[in-house]
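Working from the sequences, and respecting the hints, build out all of it.
Protein sequences appear in the order of chains A and B.
Take 1 as the starting number for the first sequence in the numbering used here and just add one per residue.
Take 197 as the starting number for the second sequence in the numbering used here and just add one per residue.
No lab work stands behind these hints, which were simulated from the structure alone.
Glycine included, C-beta positions come from ideal geometry on N, C-alpha and C.
Among the hints, a few may not be true.
Said to hold, decoys possible - Covered stretches of chain A (in silico footprint by chain B; criterion: 3 or more residues with CB under 8 angstroms from a CB of chain B, positions within the stretch not fixed): (1) 8 to 21; (2) 158 to 164; (3) 172 to 180.
Number of protein chains: 2
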Amino acid sequence: MTDIARLRDFVAETARLVASTTSEAVLLAALAPKLEELVAHDDWLPEAYAVADGGRYRQYLLYADPLERFSIVSFVWGPGQGTPIHDHRVWGLVGVLRGEELSVSHARQPDGTLHAAPPERLRAGQTAAVSPQIGDIHAISNGLADRSSISIHVYGGNIGRIRRAVYDSETGTAKDFISGYSNDTVPNLWPDRGAA
Amino acid sequence: MTDIARLRDFVAETARLVASTTSEAVLLAALAPKLEELVAHDDWLPEAYAVADGGRYRQYLLYADPLERFSIVSFVWGPGQGTPIHDHRVWGLVGVLRGEELSVSHARQPDGTLHAAPPERLRAGQTAAVSPQIGDIHAISNGLADRSSISIHVYGGNIGRIRRAVYDSETGTAKDFISGYSNDTVPNLWPDRGAA
Ligand SMILES: [Fe+3]
Ligand SMILES: [Fe+3]
Ligand SMILES: [Mg+2]
Chain A
1 MTDIARLRDF
11 VAETARLVAS
21 TTSEAVLLAA
31 LAPKLEELVA
41 HDDWLPEAYA
51 VADGGRYRQY
61 LLYADPLERF
71 SIVSFVWGPG
81 QGTPIHDHRV
91 WGLVGVLRGE
101 ELSVSHARQP
111 DGTLHAAPPE
121 RLRAGQTAAV
131 SPQIGDIHAI
141 SNGLADRSSI
151 SIHVYGGNIG
161 RIRRAVYDSE
171 TGTAKDFISG
181 YSNDTVPNLW
191 PDRGAA
Chain B
197 MTDIARLRDF
207 VAETARLVAS
217 TTSEAVLLAA
227 LAPKLEELVA
237 HDDWLPEAYA
247 VADGGRYRQY
257 LLYADPLERF
267 SIVSFVWGPG
277 QGTPIHDHRV
287 WGLVGVLRGE
297 ELSVSHARQP
307 DGTLHAAPPE
317 RLRAGQTAAV
327 SPQIGDIHAI
337 SNGLADRSSI
347 SIHVYGGNIG
357 RIRRAVYDSE
367 TGTAKDFISG
377 YSNDTVPNLW
387 PDRGAA
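Written out as structure tokens, the structure is:
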């Protein structure tokens with residue numbers, strides 16, 4: 001199996017799992033190995049969703065459930081690019097497809113400031129989880145200085161449309177944001193032409 | 197409400213209805229007015245899915261359920277273009293968005309030949325249904341000689357991947373076919389960029 005079939009199978013698997021349980025722990029435990037399988041092969045992401053932008057990281061929607069129960073996004077980090085400190089408000093799984101990603105988790109202190117944990121380096125094929133239950137505030141950046149990195153993220157909602165927050169690293173002050181998406185079209189998971 | 201929001205709402209409505217009933221009759225009765233509403237406004241279909249081809253009609257996937265319970269397709273008929281006689285094997289609803297469509301229903305006779313009903317003309321805003329229960333064999337063509345027509349179809353399966361049949365109009369002989377789709381990308385139903 002190559003190409004888009006891997007993404008297609010992962011979308012279907014996610015849809016089945018999301019419909020099958022209301023337990024975040026059960027879901028993440030079942031979905032993480034599926035995401036690991038997806039990012040174990042770098043032969044399926046269409047080129048249009050792998051393109052870095054000179055200015056800012058890109059977030060390409062690959063699939064969103066029409067009832068907004070989950071979404072799957074390709075994050076493309078050019079050299080030196082990364083997110084502000086932000087939260088999610090829903091569960092999320094991150095899998096590195098290409099290159100490396102640096103993740104810094106933040107814990108909110110009683111006085112509202114943020115405490116940064118040591119950076120964690122995720123290499124291609126590795127996954128990590130976030131959620132309001134297990135720790136929801138982090139910043140992610142490209143772990144490589146000389147080329148692009150790509151990670152595939154799955155969320156328990158339509159992440160590009162969720163009103164959530166970015167945080168000031170000094171003061172911990174939260175500011176509303178809605179991330180949106182970088183793309184107007186998403187992959188057809190069944191691109192085969194007819195065989196009449 | 198304008199633009200892609202109409203399609204987005206229709207996809208969500210279809211997903212909800214398909215999950216809510218196993219009765220084809222109940223589903224079609226509930227979904228037909230939603231499709232009528234969708235095709236009552238010609239301001240939402242992205243141009244890429246409205247382009248006619250000089251040679252043959254186009255079938256652009258707009259959305260397919262990852263579990264293949266339904267699909268939504270834009271059919272674009274250039275002048276003089278139409279389908280062969282074919283079946284579907286699942287329920288289908290047709291709504292004309294732009295121009296006019298001619299539909300000829302066929303009934304299979306005991307000797308295997310097909311009996312054609314008088315052509316029916318569907319105008320923009322009108323809908324019709326097909327299914328193995330209510331009549332599944334027809335041919336559709338552009339009802340206008342001088343310009344393109346576009347109809348939006350919804351099916352109770354992933355129509356581009358279903359093994360079904362085309363029929364010889366003289367003998368009624370069935371031949372397997374899989375229609376496929378004409379496009380590699382489908383609309384992002386949430387195309388808004390971020391608002392940080
Ligand atoms: Fe994040
Ligand atoms: Fe048809
Ligand atoms: Mg209008």
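Here is what the structure says about each hint:
Against chain B, the stretch 8 to 21 of chain A contributes 6 residues with a C-beta closer than 8 angstroms to a partner C-beta. That satisfies the three-residue criterion, and the hint holds. Counting residues of the stretch 158 to 164 of chain A whose C-beta sits closer than 8 angstroms to any C-beta of chain B gives 3, which meets the bar of three, so the coverage hint holds. A count of 4 residues in the stretch 172 to 180 of chain A with a Cβ less than 8 angstroms from any Cβ of chain B is obtained; the coverage claim is therefore met, three being the minimum.
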